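J.: Sequence:
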Amino acid sequence: MQQVCHRKYDCPLMNDDERLCPWHFNSICRGWNEFTCMNGTCLKAGDRCNEFVDCIPDGEDEWA
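So the sequence shown is numbered by the working numbering: it starts at 1 and just counts up by one.
The hints are simulated quantities; they were obtained by calculation from the structure and are not laboratory data. Some hints could be false.
To be verified - Calculated lysine to any residue pairs in the SDA-like style (CA-CA distance at most 20 Å, straight line):
| # | residue 1 | residue 2 |
| --- | --- | --- |
| 1 | LYS44 | CYS29 |
| 2 | LYS44 | GLY31 |
| 3 | LYS44 | ASN33 |
| 4 | LYS44 | TRP63 |
| 5 | LYS44 | ARG30 |
| 6 | LYS44 | ASP58 |
The structure displayed is predicted, hence computed values, not measured ones.
Given the sequences, and given the hints that come with them, work out the whole structure.
T.: Structure, rendered in structure tokens:
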């Protein structure tokens with residue numbers, strides 16, 4: 001999961017993030033080094049997959 005929900009297109013059709021993480025495209029978080037939780041919270045990219053849930057209540061920052 002490290003390669004999705006990071007605002008970089010890794011698939012040939014360039015739809016990997018758009019399909020799996022649509023909430024990113026309506027976010028106020030715009031930095032390449034930011035992660036957007038489904039609830040709209042902006043996190044530093046380093047807060048992803050750090051074994052601590054920052055996105056409440058779904059914990060999508062720890063999905064891997």
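J.: Against each hint, give a clear statement of whether it holds in the structure.
T.: Structure-based check of each hint:
1. LYS44 x CYS29: holds (10 Å)
2. LYS44 x GLY31: Judged against 20 Å, a Cα distance of about 9 Å means the pair holds.
3. LYS44 x ASN33: holds (6 Å)
4. LYS44 x TRP63: holds (15 Å)
5. LYS44 x ARG30: Holds, at about 11 Å.
6. LYS44 x ASP58: holds (17 Å)
Consistency note: the structure conflicts with none of the earlier hints.
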